[in-house]
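Participant: Residue-level listing of the chains:
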Amino acid sequence: MKMAKENNVKLHGMWASPYVKRVEIALKIKGIPYEFVEEDLVNKSQLLLQYNPVHKKVPVLIHNGKPICESLVILEYIDETWKNGPPLLPQDPYKRAKVRFWTSFVEKELFENLLLVARSEGEAQEKAIKVVFEKLQLLEEGLKDLFQGETYHIDGETMGILDIVLCSLFGAHEAQEEVLGVKFIDPEKFPLVCSWVTALTEVTAVKELRPPHEKLVAVLQFIRQRALQASAA
Amino acid sequence: MEEVKLIGTWPSPFSYRVIWALKLKGIPYEYIEEDLSNKSPMLLQYNPLHKKIPVLVHGGKPICESAVILQYIEDVWPQNPLLPNDPHERAVARFWVQFADNKVPCIWRLFRTTEGDEQEEAKKESMEMLRALEEHGLRDKKFFGGDKIGIADIAFGQVAHWLEMIEDLVGVKLIEAHTFPHLHAWTKNFKQVPIIKENLPEYGEMLVYFKRARYNFLATRGLGI
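Residue numbers (numbering that gives the first Met the number 0), protein chains in the order written: chain A, 0 to 232; chain B, 0 to 224.
Any given hint could be a false lead.
To be verified - Far from chain A, some chain B residues (derived; all Cβ distances over 12 Å):
1. 22
2. 37
3. 87
4. 92
5. 112
6. 171
7. 204
8. 209
As the list claims (entries may be wrong) - PhoX-like cross-link-like pairs, simulated, lysine-lysine; straight-line CA separation at most 25 Å:
9. 65(A) to 140(B)
10. 134(A) to 102(B)
11. 102(B) to 43(A)
12. 122(B) to 147(B)
13. 65(A) to 172(B)
14. 55(A) to 140(B)
15. 123(B) to 55(A)
16. 56(A) to 102(B)
17. 50(B) to 107(A)
18. 140(B) to 129(A)
19. 4(B) to 60(B)
20. 107(A) to 60(B)
21. 94(A) to 4(B)
22. 94(A) to 60(B)
23. 134(A) to 51(B)
24. 107(A) to 38(B)
25. 129(A) to 50(B)
26. 123(B) to 94(A)
27. 134(A) to 123(B)
28. 143(A) to 182(A)
29. 50(B) to 56(A)
30. 55(A) to 102(B)
31. 94(A) to 141(B)
In case anyone wonders, no lab produced these hints; they're calculated from the structure. The model shown is predicted, which means the values in this text are computed figures rather than measured ones. Where a beta carbon is used, it is the ideal one built from N, C-alpha and C, also for glycine.
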C-alpha cells in the first residue's frame, strides 16, 4: 500500500496554458508518470483553491499530496526531486545563474509584452510589437554570450529550464503569426533565437505535447477577442 | 577563494538582500557604491542588459538580479544555508521569493502616489499582498524560514524596514499589530537578528533620501506634496 503512494504525481492544469505546458514538458523529459487534472478556469475547483490559495492559478503540482505552485518553482522542484532523468539545470553555479537570469528575462520581458500584443490593437499594439522586437534583439545578443560561441546542442530528447520556458512562449509561434499577423520568430532578424526555437519544437516531448495548430489558433483568437471586448467596454 | 565584489547603492533594499546573504555566510567581499545618476563603465560592462544594481562579481564573473544572486550565493557557499533541506519546503521558500519580486513592488507604486484613485488602488494592492503574507506565508511562524531567517525573509526585507519609511512619507499605516499580528511581530524580530540589525540603512538618513526622491518624482509629474 505504501508503494502506491510513494510517487503519486498530479498536475492541475489547463490544456492551452503555456505555464502548464512547461511542467508537462519537464515531467515528460524526466520520465515521471503523472495524472493530469484539467481545470475549468472559469469555474475553479475547490481543490485548486485549496492548493493555491494565494494565486488560485494553474499549474499546481501535487506530489504525494503536497502542492507546489508557480511553474518556475515547480521546474526547480522537479529537477531537485527526480535526479534520475536528465538535469534541467547545469551543475556549475555560474552557468545555473546565467540560465536563471535569462529565464527571468524571458518571463518578465518577453512573455508580458507578447501577451500585450495579443490583447491590444491599433497604436497600442504597434507599440507592444516594437517592444517585443527590442526584447528579442536583446535575447539574440544575449545568446551569443550564453552560448559562448559553442554550438548549443539540442539532442532531440533533453531540454533545460530556459529551453522549456522559451519553448512555452514561442513553440506556438506559427499560431501566433496567423492570429496576430506578425512574424516574431524571423530567421533574418533573429537567426540564433529562430534556430533555437526551431530545434526546440523538434524535441520529442514537445512534439508529443503540442496541441493541434487549429486549436492553438482558436484559443489565441478567443483570448484576443475577449481582451479587445473588455477594453472596449 | 576567488575575489567577491558587490556593486550596490545605498539604500537599495535589493543591495541589502545580497549584503545580508554574504554576511550570514561569512563571505568576505568588497563593496562598491554605484552612482545611478552617473553609471560607471564597470556597471555597464557587468550588467549591459539592465544596467542595474546589485551586481555580484565573483572571480571577475558578474551575476545580476538579486534573486538570482541569492541562489548563486547559496549554490557556491552552502554553509549557514538560506534554503531548507526538504525539497517541498525549498519549493515553498522559492514560491515566496518569487512572490516578493512580483507582488511587493506595489509598495513602491504607493510611494509614488499622492491622494487620489491611484493611491487608493496601490493601497488596496499593498494590503492584499500583506494579507497573503500574514495568512499564507508567515502564518504563526516566527520567520518565513521557521525558527531562523531564510531566503524568503531576506527577500521580504523591504517589508520590514523600507515599508515603514513609505508609510511615513505617504501618510498611510498598513501594518498594524491588530490587523497583521504575525507580520507586525516579524518586522520587529527580523530587524533584531544581529546580522540584519548591523546591516540596515539608518532610518533617519533613509527617510531624508527617499523624501527627496519622492519629491523629485512627483515634481516631474507636476504634482506637489
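Participant: Each hint: holds or not?
Facilitator: To see whether the hints hold, each was checked on the structure:
no.: 1; hint: 22; verdict: holds (19 Å)
no.: 2; hint: 37; verdict: holds (23 Å)
no.: 3; hint: 87; verdict: violated (5 Å)
no.: 4; hint: 92; verdict: violated (9 Å)
no.: 5; hint: 112; verdict: holds (22 Å)
no.: 6; hint: 171; verdict: holds (23 Å)
no.: 7; hint: 204; verdict: holds (31 Å)
no.: 8; hint: 209; verdict: holds (25 Å)
no.: 9; hint: 65(A) to 140(B); verdict: holds (19 Å)
no.: 10; hint: 134(A) to 102(B); verdict: holds (23 Å)
no.: 11; hint: 102(B) to 43(A); verdict: holds (22 Å)
no.: 12; hint: 122(B) to 147(B); verdict: violated (30 Å)
no.: 13; hint: 65(A) to 172(B); verdict: violated (36 Å)
no.: 14; hint: 55(A) to 140(B); verdict: holds (23 Å)
no.: 15; hint: 123(B) to 55(A); verdict: holds (19 Å)
no.: 16; hint: 56(A) to 102(B); verdict: holds (15 Å)
no.: 17; hint: 50(B) to 107(A); verdict: holds (16 Å)
no.: 18; hint: 140(B) to 129(A); verdict: violated (47 Å)
no.: 19; hint: 4(B) to 60(B); verdict: holds (10 Å)
no.: 20; hint: 107(A) to 60(B); verdict: holds (23 Å)
no.: 21; hint: 94(A) to 4(B); verdict: holds (18 Å)
no.: 22; hint: 94(A) to 60(B); verdict: holds (11 Å)
no.: 23; hint: 134(A) to 51(B); verdict: holds (17 Å)
no.: 24; hint: 107(A) to 38(B); verdict: holds (24 Å)
no.: 25; hint: 129(A) to 50(B); verdict: holds (21 Å)
no.: 26; hint: 123(B) to 94(A); verdict: violated (40 Å)
no.: 27; hint: 134(A) to 123(B); verdict: violated (32 Å)
no.: 28; hint: 143(A) to 182(A); verdict: holds (22 Å)
no.: 29; hint: 50(B) to 56(A); verdict: violated (33 Å)
no.: 30; hint: 55(A) to 102(B); verdict: holds (15 Å)
no.: 31; hint: 94(A) to 141(B); verdict: violated (35 Å)
Going down the numbered hints, you'll see the structure goes against 3, 4, 12, 13, 18, 26, 27, 29, 31, while the others check out.
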